[in-house]
Amino acid sequence: MQLSLGELAQRLGAELIGDADTVIRGVNTLKDATATDVSFLANSSYRSQLPDSNAGAVIVSAKEAADVRGAALVVANPYLSFALVTQMFDNRPQPVRGIHPSAVVAASATLGDDVCIAANVVIGEHCVIGDGCEIGANTVISDHCVLGRDCCLRANVTLYHDVVLGERVQVHSGTVIGADGFGFAPDKGRWHKIAQLGGVRIGNDVDIGANTCIDRGALGNTTIEDHVIVDNLVQVAHNVRLGEGTAMAGNSGVAGSTTIGKHCTIAGGAGIAGHLALADGVHVAAMTLISKSISESGAYATGTAQMPMQEWRRSATRFRQLDSMAKRLQQLEKSHEGKA
Amino acid sequence: MQLSLGELAQRLGAELIGDADTVIRGVNTLKDATATDVSFLANSSYRSQLPDSNAGAVIVSAKEAADVRGAALVVANPYLSFALVTQMFDNRPQPVRGIHPSAVVAASATLGDDVCIAANVVIGEHCVIGDGCEIGANTVISDHCVLGRDCCLRANVTLYHDVVLGERVQVHSGTVIGADGFGFAPDKGRWHKIAQLGGVRIGNDVDIGANTCIDRGALGNTTIEDHVIVDNLVQVAHNVRLGEGTAMAGNSGVAGSTTIGKHCTIAGGAGIAGHLALADGVHVAAMTLISKSISESGAYATGTAQMPMQEWRRSATRFRQLDSMAKRLQQLEKSHEGKA
Amino acid sequence: MQLSLGELAQRLGAELIGDADTVIRGVNTLKDATATDVSFLANSSYRSQLPDSNAGAVIVSAKEAADVRGAALVVANPYLSFALVTQMFDNRPQPVRGIHPSAVVAASATLGDDVCIAANVVIGEHCVIGDGCEIGANTVISDHCVLGRDCCLRANVTLYHDVVLGERVQVHSGTVIGADGFGFAPDKGRWHKIAQLGGVRIGNDVDIGANTCIDRGALGNTTIEDHVIVDNLVQVAHNVRLGEGTAMAGNSGVAGSTTIGKHCTIAGGAGIAGHLALADGVHVAAMTLISKSISESGAYATGTAQMPMQEWRRSATRFRQLDSMAKRLQQLEKSHEGKA
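Going line by line, the protein sequences match chains A, B and C.
Under the working numbering, the first sequence is numbered contiguously, ending at residue 349.
Under the working numbering, the second sequence is numbered contiguously, ending at residue 349.
Under the working numbering, the third sequence is numbered contiguously, ending at residue 349.
Just so you know, the hints here were simulated from the structure itself, not pulled from any lab data.
This structure is a prediction, so every number in the text was calculated from the model and none was measured.
Among the hints, a few may not be true.
Copies of the same chain are indistinguishable here, so a pair counts whether it falls within one copy or spans any two.
Taking lysine-lysine and the DSS-like style, the derived pairs with C-alpha atoms no more than 27 Å apart in a straight line are [stated by the list, open to error]:
#1 Lys-271 to Lys-348
#2 Lys-40 to Lys-72
#3 Lys-72 to Lys-202
#4 Lys-348 to Lys-197
#5 Lys-271 to Lys-301
#6 Lys-271 to Lys-72
#7 Lys-40 to Lys-301
#8 Lys-202 to Lys-271
#9 Lys-348 to Lys-336
#10 Lys-197 to Lys-271
#11 Lys-197 to Lys-72
#12 Lys-271 to Lys-40
Modelling step: build the complete structure from the supplied sequences, incorporating the hints.
What follows is the structure, given as structure tokens:
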């Protein structure tokens with residue numbers, strides 16, 4: 010893969026300051042880029058690296074273009090342009106078109122054109138796999154699933170029955186979609202299973218990481234709207250709804266029947282309790298527990314800030330005494346007022 | 010699947026208020042139910058939906074029966090009856106009996122009657138698979154495992170060697186049972202592995218979610234007693250014991266050699282440190298860290314409550330000053346007493 | 010497997026106090042050991058079990074040798090010697106050498122001597138599998154991966170393309186190495202994927218647990234140095250570096266581009282934010298969130314200590330008022346000073 014700076018500028022809609030014939034063969038950081046790499050400046054804290062970078066060209070915004078030593082590709086949103094460039098130089102080995110002879114595909118399944126079905130894939134009865142879909146090795150798709158066009162399930166993914174994906178949905182390895190929600194009725198010390206009768210509905214352009222779980226609904230579906238992105242090891246419980254464009258980072262989780270609005274960001278390790286509603290544009294900080302509904306957009310947090318262990322122990326001990334401290338403070342104030 | 014209200018009442022031991030001949034074809038929420046659905050009221054916060062529900066019948070307790078617009082199925086525990094009804098209307102595609110030709114089953118393995126062994130399953134030497142067991146596609150069962158009757162392992166499950174399951178154990182996809190516990194002896198900056206010589210013993214009627222890990226014991230077994238339920242992405246370390254009827258929710262974890270009593274509930278994202286003992290009937294709140302043993306039943310928590318980020322920052326800053334604040338408060342009190 | 014105490018003492022470099030001809034057939038805890046078992050005392054809190062132990066021999070340090078009822082194996086580091094003994098008595102079923110006929114191995118892949126390739130394994134184009142490697146059933150190794158000698162991947166592991174493992178690397182089931190990092194550029198409410206062009210480089214003698222995720226780099230590699238140990242359900246994001254001898258326990262996670270030094274320990278459920286640097290010898294407590302870089306070795310923590318729920322509620326309420334409390338305390342002090 011190689012592109013001239015002229016071609017690159019055209020594809021990005023960038024203003025090129027430099028030689029349009031320079032050949033670019035890759036993309037790299039300011040620090041590691043060589044003369045045949047394009048680099049980028051999207052975070053001003055890396056600005057000090059501009060003068061020393063050997064990059065063949067740097068993607069920058071207008072206000073930083075003057076600082077670029079070599080060629081500059083001037084754009085409105087450098088990080089977006091960087092994303093587009095990485096896609097141009099994507100070096101992932103391409104899967105083989107067709108159905109590997111070891112795959113086990115039910116006779117009642119319908120496969121679209123130009124699909125790639127890798128070794129040991131299992132596809133159940135009445136599945137519909139859209140045109141251009143890629144199914145990685147050892148992935149299992151259970152009965153009655155529907156995949157829109159150009160979906161990509163990597164190796165060792167599991168889809169339970171009645172899971173419907175839109176178009177261009179990416180699912181990474183180890184992820185399980187449609188397992189039973191955690192629903193049980195307690196009675197006399199035993200748990201009686203609530204059969205999970207719903208399914209999972211995932212929109213278009215959704216990207217789901219590795220070893221993540223998206224459970225099927227108990228009654229009705231678990232729903233993930235268009236343009237949602239979900240990282241690794243994320244728990245999405247039954248009957249949850251994730252609004253359009255929302256992002257959930259690694260190790261986060263959301264409990265049953267909670268609705269998260271559009272364009273929310275749930276940071277790593279955060280947890281959202283069940284049966285809540287979060288408004289659009291809510292940002293939950295890392296390792297925060299949300300236990301009440303949120304009706305206003307904005308950022309929310311729980312927890313404390315990092316401390317050396319010895320100091321933390323003292324604060325943690327005092328936290329247990331906080332109510333007493335508050336009452337003693339009130340007492341002093343009262344007594345002080347009495348004297349004033 | 011369809012049932013008359015008369016049959017349904019009989020199966021649930023319910024008192025029917027309404028027409029016994031009404032035909033029910035499904036189960037749904039109060040809000041979404043139609044005339045051929047049965048619904049339920051188990052949580053009084055949904056009581057306001059009763060008058061508007063179009064459900065063909067509603068499962069309720071005696072004290073709410075009068076509010077049901079149509080037919081009512083009156084029972085002592087509506088949530089339990091709802092669970093039983095979902096089981097009646099379970100629509101999961103049934104697995105195919107027999108052994109798929111692509112499965113790789115060791116000659117020394119013993120398979121019970123009426124088993125379902127799906128495509129690409131691998132079963133190791135000397136395994137014993139009980140009558141009626143269902144093993145999902147691409148699942149691996151290593152040597153010397155024993156499954157009691159009517160166990161169900163979904164697709165892409167992994168059992169290491171010497172894992173013993175009781176009867177009616179459910180294991181969801183991606184779950185790994187019997188991997189090595191995290192045991193290493195440090196010496197001169199290196200970690201020396203402690204071979205994990207124990208196994209895993211799981212009782213009857215245990216339900217385990219997706220992408221969960223239950224490690225084998227170092228010496229002796231990791232033990233899960235009867236009627237335990239475990240959600241997705243849960244970590245159960247080596248030599249843990251989970252007491253009868255205990256529940257662990259998603260993203261929770263328990264470290265090595267800890268014993269959890271009977272009928273405990275560990276909420277989502279909670280963590281229990283190693284080498285502890287928790288009494289029966291302990292309830293651990295979401296995202297709580299338990300670092301000391303608990304000898305009395307009851308609910309326990311750590312952490313703080315959610316706040317808008319700006320306010321949280323101020324409290325978090327003060328938390329670091331708590332010990333100083335406490336000492337200054339004492340000083341003021343002392344000085345005040347001196348004057349009084 | 011059996012060893013005389015004389016042989017055992019020789020292998021461990023231990024001083025034997027007892028009969029060298031005593032035969033040992035296993036290893037067990039002080040409490041459960043019988044006359045043919047060797048046991049150990051590595052944690053002084055178990056010292057009270059010494060007098061009652063029926064162990065055939067006990068591994069102890071010199072200062073506790075006098076308390077052993079039967080034979081003693083006296084060593085400098087009993088826990089290390091225990092680790093070595095468990096390795097001697099490891100009873101894991103040995104994998105079958107050779108390539109199972111159901112495995113799908115690309116013609117361009119190179120397999121070393123004495124490899125074990127189990128059923129339904131898939132190995133991609135141009136992979137190089139070192140001598141003595143063991144690949145468990147249903148594991149998928151994508152194109153261009155390199156495994157050093159004596160690596161062991163258990164069942165249902167997934168390696169994406171361009172993942173390089175050193176020698177003697179252990180990877181447990183369900184773990185995914187090389188999935189795409191969670192990198193997206195936001196623009197007008199949509200996420201534009203940053204193709205993840207880097208790979209993963211893992212050193213020698215690394216041990217990785219089950220259902221863990223180690224993402225590939227965006228530009229450049231995610232790097233795990235020699236002698237690192239990683240537990241189950243751990244998230245290692247793109248472009249992270251884990252320094253030599255570092256340990257990460259279950260359910261912990263580290264976000265993108267963070268560098269963790271050598272010989273650090275990250276306890277269970279802890280989270281490390283992105284773009285940070287942690288010095289060598291940093292210890293992060295369980296369920297702690299590290300959100301700033303750490304330049305000095307030592308232990309760090311966040312959070313609060315466990316409390317009964319009712320008491321916790323009062324402290325949590327006061328935490329929200331902490332800034333106000335601090336200001337009122339200052340006010341009182343000021344007023345007090347004014348009077349003094």
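Verification of the supplied hints:
Taking the shortest alpha-carbon separations for Lys-271 and Lys-348, neither the intra-copy value of 55 Å nor the inter-copy value of 56 Å comes in at or below 27 Å. Within a single copy, Lys-40 and Lys-72 get their C-alpha atoms as close as 21 Å, which meets the 27 Å cut-off; across copies the closest is 55 Å, which misses it. In this homomeric assembly, Lys-72 and Lys-202 come within 27 Å of each other (Cα to Cα) only across copies, at 25 Å, whereas the closest approach inside a single copy is 61 Å. When the C-alpha separation of Lys-348 and Lys-197 is checked against a cutoff of 27 Å, the pair qualifies neither within a copy, at 60 Å, nor between copies, at 61 Å.
In this assembly of identical chains, Lys-271 and Lys-301 lie within 27 Å of each other by CA distance solely inside one copy; the values are 18 Å within and 29 Å between copies. In this homomeric assembly, Lys-271 and Lys-72 never come within 27 Å of each other (Cα to Cα): the closest approach is 32 Å inside a single copy and 40 Å across copies. With identical chains, the CA atoms of Lys-40 and Lys-301 are at most 27 Å apart between copies only, with a shortest distance of 23 Å across copies and 45 Å within one. In this assembly of identical chains, Lys-202 and Lys-271 lie within 27 Å of each other by CA distance solely across copies; the values are 18 Å between and 32 Å within a copy.
In this assembly of identical chains, the alpha carbons of Lys-348 and Lys-336 lie at most 27 Å apart whether taken from the same copy (18 Å) or from different copies (20 Å). For the homomeric pair Lys-197 and Lys-271, the shortest alpha-carbon distance between copies (13 Å) is at most 27 Å, but the shortest distance inside one copy (41 Å) is not. In this assembly of identical chains, the alpha carbons of Lys-197 and Lys-72 lie at most 27 Å apart only when taken from different copies (21 Å versus 69 Å within one copy). For the homomeric pair Lys-271 and Lys-40, the shortest alpha-carbon distance between copies (24 Å) is at most 27 Å, but the shortest distance inside one copy (36 Å) is not.
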